[in-house]
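Could you fit the two chains together into a complex? Lean on the hints.
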Amino acid sequence: MKIHIANGRLIDPAHDIDQQRDLFIASGKVVGIGSAPDGFVAARSIDASGKIVCPGLVDLAARLREPGFEYLATLESEMEAAMAGGVTSLAIPPDTDPPLDEPGLVEMLCYRAKKLNRAHVYPVGALTERLEGKRLSEMSELMDAGCVAFSQANTPIVDTQVLFCALQYAATFGYRVWLQPIAPRFGHEGVAHDGEVATRLGLPGIPTAAETIALFTYIELARLTGAKLHITRLSSAEGLALVRAAKAEGLDITCDVSINHLHLSEMDIGYFNAHCRLNPPLRSLRDRDALQAALANGDIDALCSNHSPIDDDAKQVPFSEAEPGATGIELLLPLALKWGQGHKLSLLETLRRVTINPARIIGSKAGQLSLGARADICIFDAEGETTVTRERLRSQGKNTPFLGHNLPGKVCYTVVEGKVMYAEP
Amino acid sequence: MHNPQLNAHGELQHLLSLDGLPREILTAILDTAEPFTEVAEREIKKLPILRGKSIFNLFFENSTRTRTTFEIAAKRLSADVINLNVATSSTNKGETLLDTVDNLCAMQADMFVVRHASSGAPYLIAEHLHTTRRHDIHVINAGDGRHAHPTQGLLDMYTIRHYKQDFTGLVIAIVGDVLHSRVARSQIAALTTLGVPEVRVIGPKTLMPTDLEKLGVRVFHDMREGLRDVDVVMMLRLQNERMNGPLLPSGQEFFKVWGLTPEKLAVARPDAIVMHPGPMNRGVEIDSAVADGGQAVILPQVTFGIAVRMAVMSMLGSN
Numbered sequence: 001m002k003i004h005i006a007n008g009r010l011i012d013p014a015h016d017i018d019q020q021r022d023l024f025i026a027s028g029k030v031v032g033i034g035s036a037p038d039g040f041v042a043a044r045s046i047d048a049s050g051k052i053v054c055p056g057l058v059d060l061a062a063r064l065r066e067p068g069f070e071y072l073a074t075l076e077s078e079m080e081a082a083m084a085g086g087v088t089s090l091a092i093p094p095d096t097d098p099p100l101d102e103p104g105l106v107e108m109l110c111y112r113a114k115k116l117n118r119a120h121v122y123p124v125g126a127l128t129e130r131l132e133g134k135r136l137s138e139m140s141e142l143m144d145a146g147c148v149a150f151s152q153a154n155t156p157i158v159d160t161q162v163l164f165c166a167l168q169y170a171a172t173f174g175y176r177v178w179l180q181p182i183a184p185r186f187g188h189e190g191v192a193h194d195g196e197v198a199t200r201l202g203l204p205g206i207p208t209a210a211e212t213i214a215l216f217t218y219i220e221l222a223r224l225t226g227a228k229l230h231i232t233r234l235s236s237a238e239g240l241a242l243v244r245a246a247k248a249e250g251l252d253i254t255c256d257v258s259i260n261h262l263h264l265s266e267m268d269i270g271y272f273n274a275h276c277r278l279n280p281p282l283r284s285l286r287d288r289d290a291l292q293a294a295l296a297n298g299d300i301d302a303l304c305s306n307h308s309p310i311d312d313d314a315k316q317v318p319f320s321e322a323e324p325g326a327t328g329i330e331l332l333l334p335l336a337l338k339w340g341q342g343h344k345l346s347l348l349e350t351l352r353r354v355t356i357n358p359a360r361i362i363g364s365k366a367g368q369l370s371l372g373a374r375a376d377i378c379i380f381d382a383e384g385e386t387t388v389t390r391e392r393l394r395s396q397g398k399n400t401p402f403l404g405h406n407l408p409g410k411v412c413y414t415v416v417e418g419k420v421m422y423a424e425p
Numbered sequence: 001m002h003n004p005q006l007n008a009h010g011e012l013q014h015l016l017s018l019d020g021l022p023r024e025i026l027t028a029i030l031d032t033a034e035p036f037t038e039v040a041e042r043e044i045k046k047l048p049i050l051r052g053k054s055i056f057n058l059f060f061e062n063s064t065r066t067r068t069t070f071e072i073a074a075k076r077l078s079a080d081v082i083n084l085n086v087a088t089s090s091t092n093k094g095e096t097l098l099d100t101v102d103n104l105c106a107m108q109a110d111m112f113v114v115r116h117a118s119s120g121a122p123y124l125i126a127e128h129l130h131t132t133r134r135h136d137i138h139v140i141n142a143g144d145g146r147h148a149h150p151t152q153g154l155l156d157m158y159t160i161r162h163y164k165q166d167f168t169g170l171v172i173a174i175v176g177d178v179l180h181s182r183v184a185r186s187q188i189a190a191l192t193t194l195g196v197p198e199v200r201v202i203g204p205k206t207l208m209p210t211d212l213e214k215l216g217v218r219v220f221h222d223m224r225e226g227l228r229d230v231d232v233v234m235m236l237r238l239q240n241e242r243m244n245g246p247l248l249p250s251g252q253e254f255f256k257v258w259g260l261t262p263e264k265l266a267v268a269r270p271d272a273i274v275m276h277p278g279p280m281n282r283g284v285e286i287d288s289a290v291a292d293g294g295q296a297v298i299l300p301q302v303t304f305g306i307a308v309r310m311a312v313m314s315m316l317g318s319n
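Protein sequence lines correspond, in order, to chains A and B. Straight run, no breaks: the first sequence in this note's numbering ends on number 425. Straight run, no breaks: the second sequence in this note's numbering ends on number 319.
Accuracy of the hints is not assured; some may be wrong.
Unchecked claim - Restraint-style ranges between C-beta atoms, simulated for each label pair: (1) R23/B x V158/A: 24 to 32 angstroms; (2) E238/A x G52/B: 37 to 45 angstroms; (3) E238/A x R23/B: 35 to 43 angstroms.
Stated by the list, open to error - Facing chain B, from chain A, some residues (calculated, C-beta under 7 angstroms): (4) D194; (5) F272; (6) E321; (7) P324.
Hints were generated in silico from the structure; no laboratory data involved. The model shown is predicted, which means the values in this text are computed figures rather than measured ones. Where a beta carbon is used, it is the ideal one built from N, C-alpha and C, also for glycine.
One chain only, chain B, in its complex shape (with noise of 0.2 angstroms):
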């Protein structure tokens, strides 16, 4: 089977999943992110890559934060960005979403930042892009249901690479809730393929997909036990509709046993580095002392998710 991602020459030619990406390209996307880095720090904080081309971000799930980093990396770049809030235009009049793809390659698209609800919904565009035969444009996944969302896995990793150096000595711990959680799959299929010999995640039962273990991953339900030692812990945000219902009992409850709180996170090493995609919800998965901490390293992680957002682009851009 063909992998949509990788174009005849094994380049990427979309990005949709960190799963099934070999190591040599994640680390080229990690390496290429590095110098963009300090394009932020610049006066002019613009580089020419992208000039004349014309990136959509076609969003058919509202988002704020998501849609403002890719923006920003976008026009760093010195592309066009034009912003397509999807959910509230055509598709509720009944237009197709591989119609609303054709009509944007119709105003010369070059790239689509695609975020949608369904799972696999940027593979169908790619896909269809491939049988339509415009092969110089490229899809970005920004996020797909519960499938992946590869920007969000690559800057963890850029941002665990920058505290850690190496990934082959770590033990890492992902929290909460997995289920429902592309985050989380981005981010089990690029530790595995870093190289990272324990890989554990942690949440009670019912937010743990079956058979995840197949993913590569020791799973824990205990968080001090699951804690133990590790470097990175990655909290996972837990979305207000989970709280209350058949999956949990309330926010609080999910708060007092799965919480990072200062005495769980004690179990980790001294050096252990705290890091969460945002938006946080404090009190819920994360105690402000640990958020506002030492060893989180969150904000940095936005800082770092423009940068390697800019490295996907330019990258897509010249393959």
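Bound-form chain A, shown alone (with noise of 0.2 angstroms):
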């Protein structure tokens, strides 16, 4: 179908572009950028008059529960919640259950999502077999099935001679690993920061150097081995500091950070939280604004939503023995918004971090609208409000900790290739 978006204001942080600029979209791609094509005759018009027209969001972490986790959350289900969050774009973590690792299984998931012609999906694969550590995954064979890298998810690695060479092996293909900077054997019992709130609290306590040695060690390997890392999901300002370092000694190092770790803090757990029960723990507020700065310099990467839908059973229990995780793609621009205007960043620098950014990370040309490019575009309304509920959030997951907030902007339509898939009701 061809469209035209008419009146919006135009962003693509790929390109630099902030202007008011109309959009026309055929056969699934973008034809025209400010002016029509020759011929041109829309079958659709969206007028996106004082909206923002942007790339389809690229979320790093989405987990969709399939396979394995089908109670928890379904692609049907979480897929919409992609589309009413603008997000067109996932990266799957490989904890599904069994756990991505198999051709197959990645071949499986990548049909079930194209088939139901929403968000695209880049399959991250496991590291290992089962992700247990030991045995190398068929990476080759895995990355011609659609992944797009490989990770641990929140397995870390026990034997570091095994990680050492699952980052040779992936090296000699030019894979990039993605890793959640976790040691295996310390603070692994622990629930929450080993800080203040946890010692009030009487938590189990997970130091910040459970984070700093995995990192040691990381880029380290990734030293020896030339392998392409990207850190997920950095939580404190000690491991930032090491990526920094890292990145500025020329290794070929990406990271993120999750929208609850650059909003929120241990004081947010209050008392027994258990929406605040996450992976890797809310630290301390020191860290938060660490992570909220290192956003917006550029020495993290990207911003994702670590989407976890969990069933209210998981959470319904004592903070420690609650599930970690927290649903989020619906959240995803929203908090975005917010950082970026409590940094006063241009909408156009805001988007960058979850858009054009995390694409590169993947390796994908998605986040981007230059002439010819995939038709995934979001468009919504800055002014706007979102209000997190219950009841509004599509996800099948209703386990996040800003569950009553009012958050800035609001999707008004999501476009995947071409195909409008949400339309704001």
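See below:
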């Protein structure tokens, strides 16, 4: 279908464009920016006056819970959430059941997603078989099946020799390895940041050093092997400093932070709020401020939702027994905007962290709107508001620390490959 | 953020933690407990305050002593007491904590006395009662994980006030495994709220939680330094499973360095009292000569504990 998106303010961070320009779409691609190609007759015209037109958002961590955890969420429910959030490209962590360690599974996931015809999925394959940290997965085969990178999700490799070999092997092909900095045997029984709040509440702590010790190892191994790393879900100022230094040294390292860690701290646990049971844990206000500043100055490359839908039963238990994680895909844009406003950043710079930057980490052409690009588009009202309630969340998971919050920005339309997949009700 | 322990009038709705309770409420509980100590000395040890009320002792973790003292306190107030050892019943059959609570609410419970191995479990129950609008049901935390044991903290405050009258001139030391101790956290919260100018904690670094100083205490590792001129020594129990492992090499070594012996106690003030929440490990955290000596007030603590629990129950029952 040919679509004309008229009168909108087009923001495309990949090309530093922030201007009022019309967008013309045909055959699922962008065919005109500013002016229509010859003979273009729109079948549908969307009036985007007063709205922002930007590339569909790219999320580096969205757990869709398939296969294996369909009782928590399904591709259908979470894709609908993604559409409502203006997110059109999703990297999928491998911690499904079974994990994404077999080409067949990856192909099935891609096939299911394609059939739904909503957000594009970019599976991140398991770095080791069953994520057990013992035998390497068939990385080349997995790549052929559609994986974009490899990771251990939340399960760190205990045996450093295996991690070393996995990085060497990935480096052989130039694959990027995504690692969450978690020391396998340090603070692993903890449930909250090892600081004043955990001490006061009597919660077993996860020290900041659990992150830095892992980073020392990862960075040293990256030096030795030449592997490309993406560090996921930074949580501390100290961890950030190590990544910053490694980047300055010239290592090929990127990193991200989650919406939760960008905005919240250990203080938000309050009286044992299980929605704040997250992995990594929410750390101190000082850490949160450092993460915010680093996302602004570019030390942190991308913002992600770390979307992890969890059912109520797994959260309505004492804090330390609660399943870690929060739903978030619908909050990615509003929480990016909230952060951007707080740091007085332009919309262009704010959106860069959720479009082209994560797309580059994935190695995808998503997250931009050049001529001929896939027409994945988010149209939103920057002056609008998103109120986070259980009823309004499309995700099957209603677990988020932001329940009850009013956040800036409201998605009006989501377009995927030239098809309107979401329109504001 | 609303304090789940207080009702809309600022009165005690639940007793979940001493951290966050105003001094007036702590003092009111201690004052209420005073006359209850005499009840035990009467021929008929009963008051009709909670007649017709059902109190459920909901113990998700094994305990004999604490459960018994709650039971005695409730019975002296004429309440009906039902003991549930959930550690050995329904949760093993897959029932959730809140399902258990809902079922007991359906049996017209008036009060829950909850012990649970996870920090915060009583908050979850209180929050659940709040969201389901059962504002007439009260929760007393009888110990949750490492977090709090508020009635123990209160009976310790009662004991200190009984022997020392005033909190505002005291130097008090808490000795032992603070890391895992809900008792220590409740003591620290109460002592700092009641205006004790110097609260010390003494123990090895492996048993001290991070940022402990931020709770308003001074941390010592050396017993003789930490005990110097203190008015009150509060010993903590060292659990057997902590004695040999990554935290401590042995019970013997712990006793040698941090066990309370007459020699170490000698650097405290001559009129210092020695407390212990029980059950004691003689020869691990405390020497028998001290435990049975003239400065120990460990058995009076137990007696006061019943009065304090009666006070808490009667106050909750009337709010």
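The hints, checked one at a time:
no.: 1; hint: R23/B x V158/A: 24 to 32 angstroms; verdict: 49 angstroms, violated
no.: 2; hint: E238/A x G52/B: 37 to 45 angstroms; verdict: 58 angstroms, violated
no.: 3; hint: E238/A x R23/B: 35 to 43 angstroms; verdict: 38 angstroms, holds
no.: 4; hint: D194; verdict: 5 angstroms, holds
no.: 5; hint: F272; verdict: 3 angstroms, holds
no.: 6; hint: E321; verdict: 6 angstroms, holds
no.: 7; hint: P324; verdict: 15 angstroms, violated
Of the numbered hints stated above, those contradicted by the structure are hints 1, 2, 7, listed in ascending order.
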